[in-house]
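Asker: Please put together the full structure from these sequences, using the hints given.
2 protein chains.
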Amino acid sequence: MTRIEEKFKKLGIDNAPGQESLQDSAILDLRGEKLEGEFVDFSHGDVDAHPPIPGSLDRFIKSYEDGGKQAYSEYRGHKYIRENVAKKITKFTGVEINPNKNIIITPGTQGALFLAMSSLIAADDKVAILEPDYFDNRKLAEFLEADIYPIQLDYLNAPSGSSGIDFDALEAAFKDGVRVFLFTNPGNPTGAVYSKKELEKIAALAKKYNVTLLADELYSRQIFDNRKYYHMINEDVDFDKLITIMGPSKTESMSGFRLGIAYGSEKIIDRMEKLQAIVSLRAPGYNQAMLELWFDEPKGWLEERIKVHQDIRDDLVKKFRKVEGVKIRPTEGGSYIFPKLPKLDINIGDFVKVLRVHANVIVTVGTEFGPQFDDCIRLNFSQDPKKASDAVDRIIEMIERYRAK
Amino acid sequence: MTRIEEKFKKLGIDNAPGQESLQDSAILDLRGEKLEGEFVDFSHGDVDAHPPIPGSLDRFIKSYEDGGKQAYSEYRGHKYIRENVAKKITKFTGVEINPNKNIIITPGTQGALFLAMSSLIAADDKVAILEPDYFDNRKLAEFLEADIYPIQLDYLNAPSGSSGIDFDALEAAFKDGVRVFLFTNPGNPTGAVYSKKELEKIAALAKKYNVTLLADELYSRQIFDNRKYYHMINEDVDFDKLITIMGPSKTESMSGFRLGIAYGSEKIIDRMEKLQAIVSLRAPGYNQAMLELWFDEPKGWLEERIKVHQDIRDDLVKKFRKVEGVKIRPTEGGSYIFPKLPKLDINIGDFVKVLRVHANVIVTVGTEFGPQFDDCIRLNFSQDPKKASDAVDRIIEMIERYRAK
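The listed protein sequences derive, respectively, from chains A and B.
The first sequence begins at 25 in the numbering used here and counts up one residue at a time.
The second sequence begins at 25 in the numbering used here and counts up one residue at a time.
A few of these clues could be false.
Identical copies look the same in the list; a pair holds intra-copy or inter-copy alike.
Unchecked claim - Calculated pairs, DSSO-like style, for lysine-lysine (alpha carbon to alpha carbon, straight line, at most 30 Å):
{"id": "1", "residue 1": "K125", "residue 2": "K34"}
{"id": "2", "residue 1": "K331", "residue 2": "K93"}
{"id": "3", "residue 1": "K34", "residue 2": "K150"}
{"id": "4", "residue 1": "K199", "residue 2": "K232"}
{"id": "5", "residue 1": "K367", "residue 2": "K411"}
{"id": "6", "residue 1": "K93", "residue 2": "K291"}
{"id": "7", "residue 1": "K58", "residue 2": "K199"}
{"id": "8", "residue 1": "K33", "residue 2": "K231"}
{"id": "9", "residue 1": "K252", "residue 2": "K342"}
{"id": "10", "residue 1": "K103", "residue 2": "K33"}
{"id": "11", "residue 1": "K364", "residue 2": "K103"}
{"id": "12", "residue 1": "K111", "residue 2": "K342"}
It should be emphasised that the hints constitute simulated quantities derived from the structure, not laboratory data.
Answerer: This is the structure in structure tokens:
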């Protein structure tokens with residue numbers, strides 16, 4: 025097998041969120057009647073139930089009508105948009121972000137993640153990732169032919185307001201030569217928010233071992249229970265060795281515009297721009313203008329969005345908790361729950377397919393987040409509350425039908 | 025220097041089109057009065073002078089209003105859009121394109137190029153590119169740590185309707201183990217269209233030496249002088265070893281939406297989708313709908329666009345030809361001219377900066393297309409005809425001011 029063939033062999037997407045139509049369901053063991061009910065796709069949020077920031081369409085129309093000056097931008101994005109966003113991130117974090125040096129606009133947060141990782145990692149470089157964590161982190165590291173150090177999160181037993189990161193393993197990895205550590209806060213799929221202490225410890229270890237940090241804080245505006253959220257950039261870190269990524273695709277439902285940002289190290293941002301120049305040139309020129317609306321939503325809009333999601337979380341978590349053998353951690357930030365199911369008598373991949381064809385529900389299989397999560401499913405609960413609630417009833421009914429005797 | 029540092033050291037963008045504001049102009053030798061006149065940016069087309077396909081904004085509004093079902097798509101793009109575009113490409117080329125297997129929608133044609141190259145090339149793989157050809161071809165190959173075989177185009181002496189490719193060098197490269205050959209037709213920056221014979225010969229060599237072809241046919245709808253255009257896919261090639269890329273960013277002025285496609289080999293398209301999943305997930309969901317308008321422009325719209333551009337070409341080529349020592353090939357397809365200038369007494373990089381600060385004109389420096397083109401400049405003449413004409417007068421005046429004695 026050639027090297028390029030090897031690289032692609034590892035890159036599977038058939039079980040990734042949104043790709044479910046690729047799954048083969050020819051030989052499923054379907055038990056009982058099909059559970060009817062309105063289809064719910066928990067693989068991503070429902071932007072009809074929770075629409076984009078008010079005024080989005082009007083802003084786009086203006087952007088299009090502005091013509092050529094809006095259609096093209098520097099690879100790192102329109103200067104006036106960078107200035108606008110940098111000001112808001114400066115306010116959000118309390119750390120001065122220079123619009124010309126410390127920020128880049130990307131095609132979605134995924135774009136930011138790809139550019140950042142590719143700017144930091146060459147083949148055989150040592151990288152630490154978490155398990156479970158956003159499934160593309162591993163895929164990216166694999167594609168870049170990195171030497172991966174997976175660090176475990178004991179998220180089910182860690183106290184609320186902490187991630188459960190295994191610091192002994194993390195320090196051992198750093199000691200062993202890891203150059204980049206990538207983590208998601210709030211956690212995806214765990215929904216855990218990192219404690220101040222955990223972030224301090226990450227910062228101290230990174231400093232001690234000269235490790236670059238890549239903090240994915242995509243969901244940092246959607247924090248529940250009036251909990252305090254701590255940004256990595258507020259810790260005692262080397263500013264040149266930290267990149268934070270974020271974007272309006274989730275909480276703000278702007279995913280259809282494909283916009284993200286990365287902020288932090290000038291050196292890394294410079295590299296990311298160079299790479300952007302050969303990857304996709306720029307985030308779509310017209311779309312970039314939508315970032316003006318971000319952090320400038322109507323008064324009370326964000327609070328209401330958080331409240332609605334917190335209520336959905338409460339409902340779904342309560343339902344799962346009533347099921348014998350299910351373990352679930354209530355989400356502290358973001359829109360994910362990651363229930364661990366009781367022992368079933370079919371494998372998790374087939375169970376997820378059964379849910380799709382026999383219960384009108386799409387969920388993401390736990391093994392996307394690490395091979396050991398073969399008894400977990402992930403749900404993005406940014407859905408219509410009633411439909412989501414009914415769909416979870418159907419999932420629970422299916423758990424009973426397939427529960428191992 | 026670490027491997028990742030080495031990779032980025034080669035990736036320069038300061039002289040790339042659209043990045044001119046990064047250029048340092050502190051120590052320029054400015055001669056005579058500044059030439060006033062309306063600013064023209066020849067680094068890319070002017071979408072105000074040549075607006076996007078009629079109905080674009082209305083189609084976007086509908087797309088946005090369609091909500092969640094339009095915001096998200098499979099990584100390779102919305103099925104209904106792939107079906108729509110596949111039908112049109114089938115008609116355009118006469119070759120059946122299966123919408124589920126042979127096509128992917130990407131964030132711009134640059135996105136298609138990146139995904140295709142990254143799907144075919146690992147470190148140390150041998151790749152043939154042309155000189156001069158689209159400047160990112162080399163950058164991409166370098167970033168992927170390929171072993172690059174540059175093949176020369178004798179575009180100034182080749183007969184009209186042929187590229188002037190050096191087939192001896194190409195065959196030698198293939199013989200030496202080149203696995204991928206990438207070329208742009210119509211040529212960028214040459215404006216040359218490949219002859220049927222040339223494409224036949226490329227096909228035969230590719231077959232003989234088992235080389236995968238990547239044909240960038242971005243400008244294949246904008247062919248001048250009623251010339252016949254030949255697609256690579258119509259030659260006797262192994263369908264599994266050919267990818268063609270295209271998109272509506274240029275002729276159709278849709279660049280602000282960032283949309284491209286690649287069609288061809290199922291195996292390569294599958295890889296591209298896997299990669300898209302970690303690079304940017306998908307072309308923006310709302311934007312994808314714009315491809316419905318492509319190839320379905322109002323009757324006569326494309327013909328008029330071609331005519332207008334042909335007239336601009338005629339005007340600018342005529343002007344440059346009057347200048348002693350300038351060599352220029354009239355564009356056969358696309359919107360580029362690549363005049364070779366007489367000997368100047370400043371270097372080409374400084375001359376381009378002089379044009380910007382002292383003549384209100386931006387052009388792209390020839391060395392972006394190969395180090396040997398240090399006496400060439402590239403102009404994208406998709407501009408307002410009068411402004412472009414005046415701007416070329418200013419360029420010519422500057423050539424005289426800096427002509428070597």
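Asker: Each of the hints needs a verdict: does it hold here or not?
Answerer: Here's how the hints hold up against the structure:
For the identical chains of this complex, K125 and K34 are inter-copy neighbours only, at 20 Å across copies versus 35 Å inside a copy, given an alpha-carbon limit of 30 Å. In the homo-oligomer, the alpha carbons of K331 and K93 lie at most 30 Å apart only across protomers (25 Å), although the nearest pairing inside one protomer, at 39 Å, exceeds that limit. Within a single copy, K34 and K150 get their C-alpha atoms as close as 18 Å, and across copies as close as 23 Å, so both meet the 30 Å cut-off. In this assembly of identical chains, K199 and K232 lie within 30 Å of each other by CA distance solely inside one copy; the values are 9 Å within and 51 Å between copies.
Taking identical chains as interchangeable, the C-alpha atoms of K367 and K411 lie at most 30 Å apart only when both belong to the same chain, with a minimum of 26 Å there against 73 Å between chains. In this homomeric assembly, K93 and K291 come within 30 Å of each other (Cα to Cα) only inside a single copy, at 27 Å, whereas the closest approach across copies is 39 Å. For the homomeric pair K58 and K199, neither the shortest alpha-carbon distance inside one copy (53 Å) nor that between copies (60 Å) is at most 30 Å. Taking the shortest alpha-carbon separations for K33 and K231, only the inter-copy value of 26 Å comes in at or below 30 Å, while the best intra-copy value is 36 Å.
In the homo-oligomer, the alpha carbons of K252 and K342 lie at most 30 Å apart inside one protomer (23 Å), although the nearest pairing across protomers, at 68 Å, exceeds that limit. For the identical chains of this complex, K103 and K33 are inter-copy neighbours only, at 25 Å across copies versus 40 Å inside a copy, given an alpha-carbon limit of 30 Å. Taking the shortest Cα distances, K364 and K103 never come within 30 Å of each other, neither inside one copy (46 Å) nor across copies (34 Å). With identical chains, the CA atoms of K111 and K342 are never at most 30 Å apart, being 40 Å at best within one copy and 50 Å at best between copies.
In summary, the numbered hints that this structure violates are 7, 11 and 12.
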